[in-house]
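K.L.:
As you go down the protein sequences, you meet chains A and B in turn.
Under the working numbering, the residue at position 14 of the first sequence is numbered 21, and the numbers go up by one with no gaps.
Under the working numbering, the residue at position 265 of the second sequence is numbered 475, and the numbers go up by one with no gaps.
No wet-lab data here; the hints were simulated from the structure.
Note that the structure is predicted; figures quoted are calculated from it, not measured.
Positions of the beta carbon are idealized from the N, C-alpha and C atoms, including for glycine.
Some clues are possibly wrong.
Claimed, not checked - Here are some chain A residues pointing at chain B (derived, C-beta under 10 Å):
1) S58
2) R86
3) A111
4) A113
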Amino acid sequence: MGRKAQKNDSLPGSLDMLILRTLSRRDLHGYGIVQFIQQSSDNELLVEEGSLYPALQRLELNGWIDGAWGVTSNNRRARIYKITAAGRKQLGVETRQYAKLTLAIARVMGAE
Amino acid sequence: VTDVLRRLRYWKESARRSEALREEIELHLAEKAAELQTDGMTAERARAEARRRFGNVGLKHEESREIWMTRFLSELGQDVRYGLRTMTANKAFSALAVLLLALGIGANTAIYSFMESILLRSLPVADPESLVVLNWHSRPPQEGSKQWVIHGLQGMFWPGDKGALVSGIFPYAAMETLGSQNVSSENPVFSTLFGYFNGHNRNLAVRGQAASVSAEYVTGDYFRGLEVSPAAGRLINSEDDRAGAAAVAVISFATSQNRFGGPPNAIGQSILVDNIPFTVIGVTPPEFFGVDPAMAPDLYLPLHTNMLTDGARAARMYGDGNFYWIEMMGRLRPGVSMAQAQAALAPRFRQWVDTTAKTGGERANLPALILNPGAEGLGSLRRQYSKPLYVLLAMVGLILAITCANIANLLLARAAARRREMAVRLSLGAGRFRVVRQLLTESVMLASLGGAFGVLFAIWGVRSLTLLLSNGQENFTLHAELNWKVLGLTAALSVVCGLLFGLAPAIQSTRPDVMPALKNGRGGGPRGRAQHVLVVAQIAVSFLLLVAAGLFVRTLNKLHSVQLGYARENILLFSLNARQAGHRDPEMATFYANLRKRFESIPGVSSATLSQSSIISAGHAGGVYRGAMKIGAVTVAGAGVMAAGPHFLTTMQIPVLAGREIDERDQPGSPPVAVISERLARTYFGNENPLGRRITFVDEKRDLEIVGVSANVRYGGLKQGSPMTVFAAASQFSPEDRVTYALRVAGDPLRYVRSVHEVVREADSRIPVTNVFTQAAEIDRTISREITFSKLCTVFAVLALLIACVGLYGTMSYSVAQQTGEIGIRMAVGAQRGAVVWMVLRRVLLLAAVGLAISVPAALIASRLVKSFLFGTQPNDPGTLALAGVVLLSAAILAGYAPARRASRIDPVAALRQE
Chain A
8 MGRKAQKNDS LPGSLDMLIL RTLSRRDLHG YGIVQFIQQS SDNELLVEEG SLYPALQRLE
68 LNGWIDGAWG VTSNNRRARI YKITAAGRKQ LGVETRQYAK LTLAIARVMG AE
Chain B
211 VTDVLRRLRY WKESARRSEA LREEIELHLA EKAAELQTDG MTAERARAEA RRRFGNVGLK
271 HEESREIWMT RFLSELGQDV RYGLRTMTAN KAFSALAVLL LALGIGANTA IYSFMESILL
331 RSLPVADPES LVVLNWHSRP PQEGSKQWVI HGLQGMFWPG DKGALVSGIF PYAAMETLGS
391 QNVSSENPVF STLFGYFNGH NRNLAVRGQA ASVSAEYVTG DYFRGLEVSP AAGRLINSED
451 DRAGAAAVAV ISFATSQNRF GGPPNAIGQS ILVDNIPFTV IGVTPPEFFG VDPAMAPDLY
511 LPLHTNMLTD GARAARMYGD GNFYWIEMMG RLRPGVSMAQ AQAALAPRFR QWVDTTAKTG
571 GERANLPALI LNPGAEGLGS LRRQYSKPLY VLLAMVGLIL AITCANIANL LLARAAARRR
631 EMAVRLSLGA GRFRVVRQLL TESVMLASLG GAFGVLFAIW GVRSLTLLLS NGQENFTLHA
691 ELNWKVLGLT AALSVVCGLL FGLAPAIQST RPDVMPALKN GRGGGPRGRA QHVLVVAQIA
751 VSFLLLVAAG LFVRTLNKLH SVQLGYAREN ILLFSLNARQ AGHRDPEMAT FYANLRKRFE
811 SIPGVSSATL SQSSIISAGH AGGVYRGAMK IGAVTVAGAG VMAAGPHFLT TMQIPVLAGR
871 EIDERDQPGS PPVAVISERL ARTYFGNENP LGRRITFVDE KRDLEIVGVS ANVRYGGLKQ
931 GSPMTVFAAA SQFSPEDRVT YALRVAGDPL RYVRSVHEVV READSRIPVT NVFTQAAEID
991 RTISREITFS KLCTVFAVLA LLIACVGLYG TMSYSVAQQT GEIGIRMAVG AQRGAVVWMV
1051 LRRVLLLAAV GLAISVPAAL IASRLVKSFL FGTQPNDPGT LALAGVVLLS AAILAGYAPA
1111 RRASRIDPVA ALRQE
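Using the sequences provided together with the hints, build the complete structure.
P.N.:
Below is the structure:
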């Protein structure tokens, strides 16, 4: 799997944050989430599709997102996920941590 | 907790979730393929590419699915392993805890399985919920007046609300009035209405082998109404139940096995019931026991065949609207509620019963029809055992409660010792919930182990309780068993106990104030206020149980010390029924008399006699005469009549104070005689000599000459017995039912049973010997509940006291260990050993006193609830309360003495150095 250059492995755990962020804008099904992340990052971030589903399960287990059967834009039955209140809180936590981390990295990089 | 629930829900739904996940991934692949296709790939290649980019579909699916499970399971695994390690590290503690829990949970399981079988189990028939029992209730007739529409009866009453009498027996005409023909046309509440009555014991002879069996007489709709299908042959129908129909019988599954070697062999066989030929037409299914869980009839006979077996007396019962004898059950039509049925039938019954009233007085107090649920059958067992079982359940519940309190206490002591460990864990970042959960897993494991052993204990308990309750009764029908419902309760109980006794210590030991615990090497912790509360609670509960045991033991002692006035030891009793084997008057009297002489000639038998029943059960079993008696013009009130054979007083060792006893001179043809008890003589003759005077049996228009005066005898039961007795010559009355022989023997009475059987077989092999008991056992049989209660309660109280003492000992030992330094200082500055012992004991006594202070008022209130179980003892009996208090305090001092002694042996130097 290492051959995928743009794969989202630079920051472990950031997939969760990306999913939560995506769902905080609109409710989506699994494939929709992948597409949204790719499109909104101008195809810079390529979500490893297989890892999406374990991540979704993990988020749902933690009570951060909620899945329910619904219909996609092209009228197919799919599990549509929406973010919960706890999920929004978690997103805030992760966003702050992420900001801290990137700031720290930027400092390190700038100091060089 | 919501977290745990969510996991559990997920676990339950995991199969469905897995399917959903599969569908989700399918969809993902399809959409990806569609997208690639629009970019110009062929459908086939697009699908392959989508799959390739996704990675290993099966693996990912598995990974996603296991995310929930793995963490939960692996953590659980950790907790269980850790729990096992702690348990094995504290072997003595674990063994003690498991043992206590096994006793507590086992006792609860055993009692509950009895409750389940008596109070909660439905009849094993189709749709039991639609069955209703017909009863009536009425005010009892005024004392003395005979103004009651019920002129005669055969059956039982029991007390209802507000002093009313309730019963299930009706005249035959009432059943016809309420019965199916009328109801289906005018008032369709029942799909069937069927009747039955208890035929009691009958002589069943199969191929010349006679045995006494219990019989039920049933109407033709009985089996149709219960919707029972036969194990073999066919069941009784309405063709069989009419006067003059061929005499047929249905037997129980067990009887078919015991007497015929299986259901198919029984069909078509001829049998003799009370010497009347019947043909077996069918066998009931194995689980069927009729409509009364207290009974298990061996034989079902068509109602009208009682005219064959019981003769003219039975024929009269059908036409008599004032004779109450038949019991009824109905099956409600679908959609009809019990209230609707009652509203429809009560006026109809009222109208009918009004026509049977002969006088205005009778009309003023007519019985009123009520319907009761019939799903669980008749309530005789429930009426007899439900209150005792609730009392027992309350007791074992209390025992389990103090067991839990005790283990919680021990865990608290240990938790204090582990405070440092917990503090380290918490400060290293373990979640508090995680640590609490781990401790709870440990206690639930302990409790589950206790529950598992408890089941073994319960199996033993059910067996010995059955033995204790049946108390030698033949065909005892109360059979409790450990079914899934009961085991489910045990499992639930174990988990609840585990949580209950684990929660407080777990929370206390993980209090977030980590720092003091880390700083203090030996872990002082709070002074164990929770421990003291738990000890006080245990003492309070043990006192309650001690009082209960004291009251019941005292009751039993009172019963045993009742002056019988006749011999209890060295007497063998047994019953014979020659009428049921075909003997008739007047030959029967000779037969019984000859048999008595033969019993008397058995070596070792010093005298033999017969009577209508044993003295203790006289008045319960149908006496020979229950009507009014007069001496001159004065009515004799409150005296019982005992039909006694020759040498009755000698055999029973009742002293003859004047005149003679009944002997061989008193033949059926000779002038009727009576012997009266001293109290009767004193009451009605004062200082006059009663010999030669007469006592009149008004209803039989018979004058008996008084030929003797006996010492007073407790006639009837130990509780209600009356000292006024008239002994009449048995040969001068024709016994309706069986007679009871009594043999006075040397040595163990049961040694003579075999000789008795031989003598009876020689005389007439068709007569079975029944109710073989020693006189002592016969008397104990009437107080079996009191015996059971006093034995069980003593065991419970000792157990509770033991548990409380262990708790007290543990707490005191712990606090002595905690105060080693303080005690060392006291001793260093000159405290005497005695003072130190007293210091510890004072605390023990204080705890016990607080427990007593709480418990005495509770005991005063609770003991009133068991008032009906007591005899000759008041619920607030001060002696019992004082004794229980003394026992409790002595036990407390005993439990506290060892730690106190240890405290007084502390070496001040060593203690201070340690500090």
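K.L.:
Each hint needs a verdict: does it hold in this structure or not?
P.N.:
Quick rundown of the hints versus the structure:
Given hint, S58 of chain A at the interface with chain B, holds; its Cβ is 8 Å from that chain's nearest Cβ, closer than 10 Å. A distance limit of 10 Å between C-beta atoms decides the matter here; for R86 of chain A the minimum to chain B is near 5 Å, and the interface restraint holds. Interface restraint check: A111 of chain A against chain B, minimum CB-CB distance 22 Å, threshold 10 Å, status violated. For A113 of chain A, the interface hint is violated, since its Cβ never comes within 10 Å of a Cβ in chain B; the closest pair sits about 29 Å apart.
The structure does not agree with the numbered hints 3 and 4 stated previously, though it agrees with the rest.
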